[in-house]
Amino acid sequence: MALTALICDDSLLARNQLKKSLPADFDASITTASNGLEALAVLRSQEIGIVFLDLTMPELDGVGVLEAIKAEAMDCLVIVVSADIQPEMQKRVMELGALAFIQKPASAAKLADVMHKYGLI
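According to our numbering, the sequence shown is numbered sequentially starting from 634.
Fair warning: there could be bad hints in the mix.
[Said to hold, decoys possible] Distance condition first, Cα-Cα at most 20 angstroms in a straight line; then the derived EDC-like pairs of lysine to aspartate or glutamate:
| id | residue 1 | residue 2 |
| --- | --- | --- |
| 1 | Lys737 | Glu721 |
| 2 | Lys737 | Asp643 |
| 3 | Lys750 | Asp658 |
| 4 | Lys703 | Glu692 |
| 5 | Lys652 | Glu671 |
| 6 | Lys724 | Glu700 |
| 7 | Lys652 | Glu680 |
| 8 | Lys750 | Asp660 |
| 9 | Lys703 | Glu680 |
| 10 | Lys703 | Asp660 |
| 11 | Lys743 | Asp658 |
| 12 | Lys750 | Glu728 |
| 13 | Lys703 | Glu721 |
| 14 | Lys737 | Asp717 |
| 15 | Lys750 | Asp708 |
| 16 | Lys737 | Asp694 |
| 17 | Lys653 | Asp643 |
| 18 | Lys653 | Asp746 |
| 19 | Lys652 | Asp746 |
| 20 | Lys724 | Glu680 |
| 21 | Lys743 | Asp717 |
| 22 | Lys703 | Glu728 |
| 23 | Lys743 | Asp660 |
For the record, the hints were derived by calculation from the structure and aren't laboratory data.
Required output: the full structure, derived from the provided sequences and hints.
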């Protein structure tokens, strides 16, 4: 059975760009969310294996999503994909359980490298 992935970003363009940049051999069904509240609704109702998470979003930001994932002990991996490249923010999301931090726009090569590192492809 294929993995289910969630792409969470408030920008439709960014969601589509990320989806197109995923490696061809990434065997997953993809669902999307446009803010953190939508992401949590998906995470609470479906089995999601991997989340590609933006940080700056309306309703609930990516840090809030990571805090909820940790507090509720949700069983999913998270890769943050964000333009917020401040070292303090990168440290914070890693402390909250993110596997990796990829700067936007995410290149296909960088995504493949990180996903290979964690056995996702």
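What are the numbers of the hints that this structure violates, sorted from low to high?
Of the numbered hints, 10, 20 do not hold.
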